[in-house]
Amino acid sequence: MTRTDAPDSAPAGPPQSDATTAPPATPDTHRAPAPAHPADRIRGALRRIGAIVRIPFTGPGSALAWGAAALTFALYAALAVRDQQRMLTGGYDLGIFEETVRAYAHGHLPYVALKGLHYNELGDHFSPIWAVLAPFYLLFPSPYTLLLAQAALFAVGVVPLMRWAVRAVSRPAALVVGFGYGLSWGIASAAGFDVHEIAFAVPLLSFSATALGHRRWRAAAAWALPLLLVKEDLGLTLGAIGVYIALHGARRLGAAVAATGVLGTVLEVKVLIPAFNTNGSYGYAGKIGAFQGGILGAPRDVLNFVTPETKIVTVLLLLAVAGFIGLRSPLTLLAVPTLAWRFLSDNQSYWGTAAQYSAVLMPIVFAGFVDALARLRAAGHPESAKTARTALIASLVATAVLVPDYPLWNLVHTSTWRTSARIAAARQVMAEIPDGVTIATGDQLVPQLTDRDTVYLLIPETPAAPPEYVLFDTENPDNFPLRPGEQAQLIKTFRKDGYRTLADRDGYLLLEQ
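Numbering-wise, UniProt numbering puts 378 at position 378 of the sequence shown, and it's gapless, one number per residue.
Since the hints were derived computationally from the structure, they do not count as laboratory data. Note that the structure is a prediction, hence the values are computed from the model and not measured. Take the hints with a grain of salt, since some may be wrong.
Below, simulated DSS-like cross-link-like pairs (lysine-lysine); rule was C-alpha separation at most 27 Å, straight line [what the hints assert, rightly or not]:
#1 115 with 492
#2 115 with 496
#3 311 with 115
Produce the entire structure from the sequences given, and follow the hints as far as they go.
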């Protein structure tokens, strides 16, 4: 066992010197040390944290793992870049989060014009983790900064899992884990839908779950604690990690982590988010609506947890990518908090496999997979070896079969690599818009402009602060959030208010105040 994988219970520290050889005490020996400078204390704390949460660049399996991460990054970066270039991204959510990061980069609170004047994004979801990207955005002020950062975060998550698999199982098993995670439907679905804060949670959970597998309790806790800065519901996952630590090793540390997670979620939902929200409330309380009458207070709530069948399909696909042996590991149970709030919600978009909601489950599921394989190998029985081989084959097959159903498959389509004449026309029209102005447009065009202008979303109501420019896509029948017919009426309204045509090309109409 290497030093970085040693459990926290292992003896550590320098040997104590013999008392008979200690130098005689002098008056200076009893003099109180000078208080440390605050900067020295901070540096010392960072060094201690760094010693716990090391990112492995060397050691068994590192080259293989980082090679897989590089390939994973290339795939998801290509998907994201082409989606943005083909205008398949949207104001909801890429535009929102670019305005968020842009505000942080310029030293402001994350006010998001897309959601209204003086709308603070911290009043929607508590995700101050976006501030981490502010320095990068200052250097490269572009939506591509966010898209590439997300691809990198997803890719890094494969590293600890593959290194663990190499050492605990075998290199072929590590390749299966890397293949399954890198092409997993949960990551692919998230990568195909703009950017989201949960991208930060994926590597945090991957490193934390791997540390749990190595019984490195402090490292597991340190990697998991930043989940409180990613999104308010992830405090529940942090709580589950704390319970795992308490049950399997360090009771006091585990209890502290569990309490921090649960209380952190309560604080964010009940105090922090309402404090930033214009309505003084938490707008997503309905996603845990089934709990509002008590924890599973009626048999109907239990039935709602497993119906309709969409929820069963989601669980089956989670089990499939782990070769149907993930439940042999208690690590897999860390997925329960996320599945609980999703399945008990009345919002159908939370139940299935689309969008970003399952990305945080992928590192948990594959950590459980590696742990289960390691347990089978440690058993040393021929039946255990056969079960492990069957599970690895099942994981490979499940991953390969599912890939065509999710966004990563778009990379094999020739249309992905072509730019249509309409997109070229849209770029010509947008070139007429000066930098630093206010503009209102539809969801699809928003992230093409948020890096240089203040962008509002077109809505049927007259905006409180009329934009300097308005951009319409008159050939797009699905011009969210406008309903059919509302766009034509809105064009008439703006013309009546004195806006003139600045450009009109291939269905893209640009009006100037």
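Status of the hints after comparison with the structure:
Restraint check for residue 115 and residue 492: the C-alpha separation of about 24 Å stays at or below 27 Å, so the hint holds. Annotation: proposed proximity of residue 115 to residue 496 holds, straight-line Cα distance about 25 Å (limit 27 Å). Of the pairs offered as hints, the one joining residue 311 and residue 115 is violated, with about 31 Å between alpha carbons and a cut-off of 27 Å exceeded.
Of the numbered hints stated above, the single one contradicted by the structure is hint 3.
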